[in-house]
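Trainee: The primary structure of each chain is shown beneath.
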Amino acid sequence: KQEVTQIPAALSVPEGENLVLNCSFTDSAIYNLQWFRQDPGKGLTSLLLIQSSQREQTSGRLNASLDKSSGRSTLYIAASQPGDSATYLCAVNGGAQKLVFGQGTRLTINP
Amino acid sequence: SAVISQKPSRDICQRGTSLTIQCQVDSQVTMMFWYRQQPGQSLTLIATANQGSEATYESGFVIDKFPISRPNLTFSTLTVSNLSPEDSSIYLCSAEVAEAFFGQGTRLTVV
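Line by line, the protein sequences give chains D and R.
The opening residue of the first sequence carries number 313 in our numbering; numbering runs sequentially from there.
The opening residue of the second sequence carries number 503 in our numbering; numbering runs sequentially from there.
A few of these clues could be false.
[Stated by the list, open to error] Here are the computed lysine to any residue pairs in the SDA-like style, where the Cα-Cα straight-line distance is at most 20 Å:
id	chain 1	residue 1	chain 2	residue 2
1	D	LYS380	D	SER365
2	D	LYS313	R	GLU556
3	D	LYS354	R	ASP589
4	D	LYS380	D	SER340
5	D	LYS313	R	LYS567
6	R	LYS567	R	ARG517
7	R	LYS567	R	GLU556
8	D	LYS354	R	GLY542
9	D	LYS410	R	SER561
10	D	LYS410	R	ARG517
[Stated by the list, open to error] Coverage of chain D stretches by chain R, computed from C-beta distances (three or more under 8 Å per stretch; other residues unrestricted):
id	stretch
11	330-339
12	356-366
I should point out that these hints are in silico values taken from the structure, not numbers from a laboratory.
Because the structure is a prediction, the values reported are computed rather than measured.
In this text, a Cβ means the ideal position worked out from N, Cα and C, and glycines have one as well.
I would like the entire structure built from these sequences, with the hints used as guidance.
Mentor: Okay, here's the thing in structure tokens:
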């Protein structure tokens with residue numbers, strides 16, 4: 313059974329810093345991994361999707377990497393802004409398009 | 503990409519009643535998914551809804567409690583039946599168009 317773990321559970325940093333969020337998964341037989349953002353009480357916004365054959369994806373200030381063999385992914389946020397404050401979730405697609413989610417990292421960017 | 507409209511956005515319901523949540527996708531999709539997010543927790547898949555067939559439920563979820571309809575390729579409903587306070591959660595629908603997209607969620611409070 314796939315298990316997804318995100319570390320840290322919460323992170324608070326000053327504005328302007330670069331930061332890394334971590335995601336690990338127990339079964340390396342995945343189709344893809346997706347990072348989401350969730351604002352309080354809201355739905356999920358897709359940030360980046362990495363296919364199992366890819367090593368990284370970039371979108372603006374965000375960069376996600378994937379090391380399938382070691383069961384790890386990171387989300388790098390450059391030059392953080394207060395608007396980046398949210399909960400970040402990683403989800404692994406192990407097949408049949410079903411996603412297994414981590415518990416999330418609650419990120420706070422302090423002005 | 504896909505835009506998913508979910509309603510209601512929130513509701514407060516009495517014990518023993520039912521709530522039906524609707525999701526409309528702006529394009530045709532083969533599979534839609536329903537997730538539950540309990541307070542302070544991550545997302546858990548309830549079921550997969552395919553058009554023209556019965557929904558497929560994950561372990562711990564049953565059709566009598568969470569009946570699902572999928573009348574066409576752009577629409578699905580989830581009913582949460584015989585409500586109890588333990589059903590208080592955010593319910594989210596999802597569809598995959600190259601990557602997973604989510605509705606804005608329904609925050610259900612049972613009193």
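Trainee: Would you mind marking each hint as holding or not holding in the structure?
Mentor: Comparing the hints with the structure gives:
{"no.": "1", "hint": "D/LYS380 to D/SER365", "in the structure": "9 Å, holds"}
{"no.": "2", "hint": "D/LYS313 to R/GLU556", "in the structure": "24 Å, violated"}
{"no.": "3", "hint": "D/LYS354 to R/ASP589", "in the structure": "18 Å, holds"}
{"no.": "4", "hint": "D/LYS380 to D/SER340", "in the structure": "6 Å, holds"}
{"no.": "5", "hint": "D/LYS313 to R/LYS567", "in the structure": "24 Å, violated"}
{"no.": "6", "hint": "R/LYS567 to R/ARG517", "in the structure": "14 Å, holds"}
{"no.": "7", "hint": "R/LYS567 to R/GLU556", "in the structure": "14 Å, holds"}
{"no.": "8", "hint": "D/LYS354 to R/GLY542", "in the structure": "13 Å, holds"}
{"no.": "9", "hint": "D/LYS410 to R/SER561", "in the structure": "13 Å, holds"}
{"no.": "10", "hint": "D/LYS410 to R/ARG517", "in the structure": "31 Å, violated"}
{"no.": "11", "hint": "330-339", "in the structure": "violated (count 0)"}
{"no.": "12", "hint": "356-366", "in the structure": "holds (count 4)"}
In summary, the numbered hints that this structure violates are 2, 5, 10, 11.
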